[in-house]
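Single-letter residue listing:
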Amino acid sequence: MAESVRVLLGKIGLDGHDRGIRMVAAWLRDGGTEVIYVGTHQTAEKIARAASDEDADVIGLSFGGADHVPLCKQMVEQMEAYSLQDRLFIVGGNIPRGDIEVLREMGVDMVFPSGTPMSTSVSYIQENARKKRSKEAK
Amino acid sequence: MTTKEIKSRYFEAARRQETWSGIPVKTTYTAEDVKTIDYARSVGDPGEYPYKRGIYGDMFRGRLWSQRQITGCSTPRLTNERLRQLISKGETAINVIGDQPTMIGIDSDHPWAKGAVGRSGVPIDTMRDMWQMMDGIPLDEISTMLTLVTPIAIPSYMLLAEEHGIPCSEVRMTSAMVPPVLGPPVCMYGGREWWFDQQRRQMKEFIDKLEYMIRNCPKMYIANYNAYIIRETGVGAAEEVAWVFASALEGFQLMAERGVDIDTVAPKVSFTFSAMIDILEEVAKFRAARSVWARILKEKFGAKDPRSMRLKYHVNTAGVIMERQQASINIVRAAYAALAAVLGGTQSLQVAGYDEAIAIPTEEAAAMAVRTQQILAHESGAASAVDPLGGSYYVESLTQQLEEKIQNILDTIEEKGGMAAAVSSGYIDREMEAAWFKYQREVEAKERIVVGVNEFTIPEEEEPEVPVYHSQVDSVLVERHIEDLKEFKRTRSQAGVKEALDNLLHATEREDREILQYEKECCKAGCSTGEVAGVKRLGIGLPYDPMGVLEYPFA
Numbered sequence: 007m008a009e010s011v012r013v014l015l016g017k018i019g020l021d022g023h024d025r026g027i028r029m030v031a032a033w034l035r036d037g038g039t040e041v042i043y044v045g046t047h048q049t050a051e052k053i054a055r056a057a058s059d060e061d062a063d064v065i066g067l068s069f070g071g072a073d074h075v076p077l078c079k080q081m082v083e084q085m086e087a088y089s090l091q092d093r094l095f096i097v098g099g100n101i102p103r104g105d106i107e108v109l110r111e112m113g114v115d116m117v118f119p120s121g122t123p124m125s126t127s128v129s130y131i132q133e134n135a136r137k138k139r140s141k142e143a144k
Numbered sequence: 344m345t346t347k348e349i350k351s352r353y354f355e356a357a358r359r360q361e362t363w364s365g366i367p368v369k370t371t372y373t374a375e376d377v378k379t380i381d382y383a384r385s386v387g388d389p390g391e392y393p394y395k396r397g398i399y400g401d402m403f404r405g406r407l408w409s410q411r412q413i414t415g416c417s418t419p420r421l422t423n424e425r426l427r428q429l430i431s432k433g434e435t436a437i438n439v440i441g442d443q444p445t446m447i448g449i450d451s452d453h454p455w456a457k458g459a460v461g462r463s464g465v466p467i468d469t470m471r472d473m474w475q476m477m478d479g480i481p482l483d484e485i486s487t488m489l490t491l492v493t494p495i496a497i498p499s500y501m502l503l504a505e506e507h508g509i510p511c512s513e514v515r516m517t518s519a520m521v522p523p524v525l526g527p528p529v530c531m532y533g534g535r536e537w538w539f540d541q542q543r544r545q546m547k548e549f550i551d552k553l554e555y556m557i558r559n560c561p562k563m564y565i566a567n568y569n570a571y572i573i574r575e576t577g578v579g580a581a582e583e584v585a586w587v588f589a590s591a592l593e594g595f596q597l598m599a600e601r602g603v604d605i606d607t608v609a610p611k612v613s614f615t616f617s618a619m620i621d622i623l624e625e626v627a628k629f630r631a632a633r634s635v636w637a638r639i640l641k642e643k644f645g646a647k648d649p650r651s652m653r654l655k656y657h658v659n660t661a662g663v664i665m666e667r668q669q670a671s672i673n674i675v676r677a678a679y680a681a682l683a684a685v686l687g688g689t690q691s692l693q694v695a696g697y698d699e700a701i702a703i704p705t706e707e708a709a710a711m712a713v714r715t716q717q718i719l720a721h722e723s724g725a726a727s728a729v730d731p732l733g734g735s736y737y738v739e740s741l742t743q744q745l746e747e748k749i750q751n752i753l754d755t756i757e758e759k760g761g762m763a764a765a766v767s768s769g770y771i772d773r774e775m776e777a778a779w780f781k782y783q784r785e786v787e788a789k790e791r792i793v794v795g796v797n798e799f800t801i802p803e804e805e806e807p808e809v810p811v812y813h814s815q816v817d818s819v820l821v822e823r824h825i826e827d828l829k830e831f832k833r834t835r836s837q838a839g840v841k842e843a844l845d846n847l848l849h850a851t852e853r854e855d856r857e858i859l860q861y862e863k864e865c866c867k868a869g870c871s872t873g874e875v876a877g878v879k880r881l882g883i884g885l886p887y888d889p890m891g892v893l894e895y896p897f898a
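As you go down the protein sequences, you meet chains L and E in turn. For any residue, its number in the working numbering is found by taking its place in the first sequence, counting from 1, and adding 6. For any residue, its number in the working numbering is found by taking its place in the second sequence, counting from 1, and adding 343.
Worth double-checking, as some hints may not be accurate.
[Said to hold, decoys possible] With a straight-line cut-off of 30 Å between C-alpha atoms, the simulated DSS-like cross-links for lysine-lysine are:
id	chain 1	residue 1	chain 2	residue 2
1	L	K79	E	K457
2	E	K547	E	K457
3	E	K457	L	K52
4	E	K457	E	K562
5	L	K79	E	K829
6	E	K432	E	K457
7	E	K829	E	K611
8	E	K841	E	K829
9	L	K52	E	K829
10	E	K457	E	K867
11	E	K378	E	K547
12	E	K641	E	K789
In short, the hints are calculated from the structure, not lab data.
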């Protein structure tokens, strides 16, 4: 039996809208997933370091300040710096539709814009958390 | 769609049997439900204690509510253009909101601000930005609400008035604030780690400023307590009202300890509430809030002046009810919430743009919101008679139930040692989390229907394209704003800046009651949001930069 999936959630940058991500955290925990919630006002570097230290399978960020494009770029760079390219990187929040493709091309695995049912994002996380890692390991 | 589905839609019944906040709703309300309500004692005519039906006898027949759209575009100049557009469309008052760096107290040229400048509001780095934003807008004629949070907002506005030769006493301004005791659970602007330790100082400084303004600028209302942000977290109508009242009352208690008369301070206090989508519950909420407020002020604080007992407030239609899916239908949601605010007797109203769930409003969305207000004011008939729902069996019964709920929550908070203690202990956080979790569960289980979200949905690829504000703005303008700030910082009198900041630092350290005076001197000297906020942090023993990157440049 595999160890339980570890999901690291947090917010980088100045935006403090944290209801969405805290709800995702609560929802995942309720379903038995291990969540490390690091809070708001983090940096991409801190997130990457924490994900590395905690051996997280998933990194999830949430944005409500319309600054997701430059900040996700920083996150991708830090994930490379910490050799975390095999971890699932997901993003949620107020993301205009036109930006979803921009984020995907940058290296975000999945985007859950506001209004996505919790069950959708949570089951995606649970199903895909390890896929990328096991694929990269082969 | 199968014939069976069509048939079941035809016979579909109203499913919800409780209000948005969870108060059970019966099928029918009759005289039986209101028989214990004594009209003269617990309702009263509009303009009469306890003001349940309205704080003025004539309400909108005397003056319509202020139509006040929240505005904050990418730069001060773009914001000025938007303000002028909205005023020319008939907006009657203004409300400006800062971007994230401004709200958090750092400058546009801060390394962390990159990408956030002008994205969710206007950047106000120095007094020049305030002046540019307000250029050509007559300060003595317009009522302004500042939702900027930066410590330079109020002094910059005062200096702008002086520049135009308008006495401070003639300027009508309201400054929105996070109640000091409420801080972390609802405040998105950082400081969670130190807020609790600094609660007493936050509160004291706020009261110092309040006293200063009452003496010098009586039409500038700096104590606008924000309940909207409480409601946005997902709690119910009674919590929204009770928690914000508990915060305000704690301020009154401290004022009383200083020997300030309640009738001096209470008339200067106002609120910002939310208007959610459950129209009748919201109307009942506003009626209940007025009545609870009046009773507390009179019975508990011994207020004698009716102005102390009249609950004055601004309403933002809720942001959380605005959905990304099929965004244009949000026009209807905002209109219903606005109707609730008007039927509930508000003094001021902001209608959210239909693109609220996507970005700050485009010019078109903002204009739509102004027109929504005008239709309400002039076509709907909602503004014609005062408290038109007064006497409705259902609304009176709901009002009474909400009054009891609000009072019960206030009692609970008091038992916990007051609002500051309730926040510090984590009680408020836990209540909020439980509320939004429950809400989301109900949506996912379709116990609550949200059109376009969990019912009546369309495939993602059929979603109509919605214009996004930021994609319409030339990013060069934002870059230029940042460059201009850097240039200004290089060319101003460094000695003057240092002197003003040092004076503010010492004033903060000794908890000077005239702190606003020192902030004003800083603005005059050309100090920035980040510098003023930073020095104030230093003065209370915190790092200069909340992000831990910059050092105090004039140490």
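Against the structure, the hints:
no., hint, verdict
1, L:K79 to E:K457, "holds (12 Å)"
2, E:K547 to E:K457, "violated (34 Å)"
3, E:K457 to L:K52, "holds (17 Å)"
4, E:K457 to E:K562, "violated (37 Å)"
5, L:K79 to E:K829, "holds (25 Å)"
6, E:K432 to E:K457, "violated (34 Å)"
7, E:K829 to E:K611, "violated (38 Å)"
8, E:K841 to E:K829, "holds (17 Å)"
9, L:K52 to E:K829, "holds (28 Å)"
10, E:K457 to E:K867, "holds (27 Å)"
11, E:K378 to E:K547, "violated (46 Å)"
12, E:K641 to E:K789, "violated (44 Å)"
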